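For the sequence shown, our numbering begins at 1 and goes up steadily by one.
Where hints are given, some of them may not hold.
Derived DEER-like restraints, expressed as beta-carbon distance ranges [as the list claims (entries may be wrong)]: (1) P54 x P268: 12 to 22 Å; (2) L2 x Q109: 32 to 42 Å; (3) E159 x I284: 50 to 60 Å; (4) V288 x L266: 38 to 48 Å; (5) L277 x F8: 18 to 28 Å; (6) S294 x D176: 39 to 49 Å; (7) V288 x E260: 29 to 39 Å; (8) R126 x K185: 41 to 51 Å; (9) F8 x R301: 43 to 53 Å.
FYI, nobody ran anything at the bench for these hints, they're computed from the structure. Just so we're clear, the structure is a prediction, and the values are computed from it rather than from any experiment. Every residue, glycine too, gets a C-beta built ideally from N, C-alpha and C.
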Amino acid sequence: MLSYGIFFLILVGIYGVLVLGLNVQWGYAGMFNIGVGAFFAVGAYASAIVTTPPSAEHLGGFNLPFWVGFAVAVAVAGAIAFLIGLITLKLRSDYLAIATIGIAEIISQILRNEGWLTNGVRGITRIPRPFRGWIPGQDTLLYLGLVLVILAVIYWAAERAYRSPWGRVLRAIREDEPATMAAGKDVLQFRLQAFVLGSMLMGLAGALYAHFVNFISPEAFQPEFATFIVWVMLIAGGSGNNRGALLGALVIWGVWSGSEWLTNRLPPQWATRAGPLRILLIGILLQVILLTRSQGLLPERPPKPVLGPSPSPQQNPAG
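Make the full structure from the sequences, and use the hints.
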């Protein structure tokens with residue numbers, strides 16, 4: 001049970017990073033990105049390519065330290081997001097969603113078919129896990145500590161960004177883009193910044209996932225696992241609220257893991273049919289939350305305005 005609890009918390013932490021990245025895009029700026037899984041996969045493959053031992057099966061195999069892999073994953077995901085953002089961020093709402101779906105499918109096909117780059121459907125093996133061998137038998141626990149530290153730093157930074165002038169501009173864009181443009185703000189620049197930053201966090205989550213499972217293939221980044229469930233976590237927890245995003249990751253992954261535990265105890269002829277029912281269960285849960293708490297379990301609460309010090313009688317002309 002302890003091992004399962006550690007495994008569960010690591011995945012919750014990885015999904016927490018993913019949801020915080022999506023929250024920057026959707027919760028802060030209102031950008032409807034359906035290509036979450038693409039940046040998740042890009043980060044995982046980028047880190048795997050630079051940290052695995054030399055191999056003739058795929059590009060790279062540079063055997064570099066894991067922290068270099070994390071940095072490369074963030075940089076590659078950010079660079080791809082920047083190029084995509086220059087093209088797509090002029091689109092709005094459902095048009096942006098359609099564009100990101102197409103881009104995600106393009107990246108998925110590249111991962112499947114470009115064997116020289118990713119080893120195709122066979123995937124990449126021997127991805128090293130950090131801290132292996134430091135304390136015999138405790139590398140998973142050490143990795144949990146790494147995930148939680150990274151998640152805490154990202155949460156702290158996301159909260160600071162939310163309360164900053166930058167975050168206020170993003171919320172203004174989300175609520176009334178024409179008024180924000182009339183106030184003299186470069187809306188496209190702010191949207192691009194939020195899109196790139198959120199995608200970099202998704203790339204980092206992919207690197208964390210790759211080094212945890214030690215093997216990745218295109219099947220690990222199917223839309224239901226890498227996009228749909230991330231959106232459910234954010235909407236259920238509370239869009240625009242970083243604490244709600246993390247709560248959503250914990251609750252939804254708990255429901256998903258619990259349903260797997262139950263389906264594994266079904267007779268074999270029923271267990272093979274239970275996968276779609278688990279997706280249906282998550283969808284029904286989302287509908288219940290939307291009907292009963294439309295703003296999520298922890299609704300967004302914008303920070304109160306900071307009032308300056310009251311003027312002294314000598315500074316107040318009417319005093």
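Hint by hint, here is what the structure shows:
1. A beta carbon spacing of about 42 Å between P54 and P268 contradicts the range 12 to 22 Å that was offered as a hint.
2. For L2 paired with Q109, a C-beta distance near 41 Å keeps the hint of 32 to 42 Å intact.
3. At about 32 Å, the CB distance of E159 to I284 disagrees with the hint of 50 to 60 Å.
4. For V288 paired with L266, a C-beta distance near 24 Å fails the hint of 38 to 48 Å.
5. At roughly 21 Å, the beta-carbon separation of L277 and F8 lies within the given 18 to 28 Å, and the hint holds.
6. One distance hint, 39 to 49 Å for the beta-carbon pair S294 and D176, is violated here, with the actual separation near 20 Å.
7. Between V288 and E260 the CB atoms are about 20 Å apart, so this pair departs from the stated range of 29 to 39 Å.
8. For the pair R126 and K185, the supplied restraint of 41 to 51 Å holds, since their beta-carbon distance comes to about 48 Å.
9. Between F8 and R301 the CB atoms are about 29 Å apart, so this pair departs from the stated range of 43 to 53 Å.
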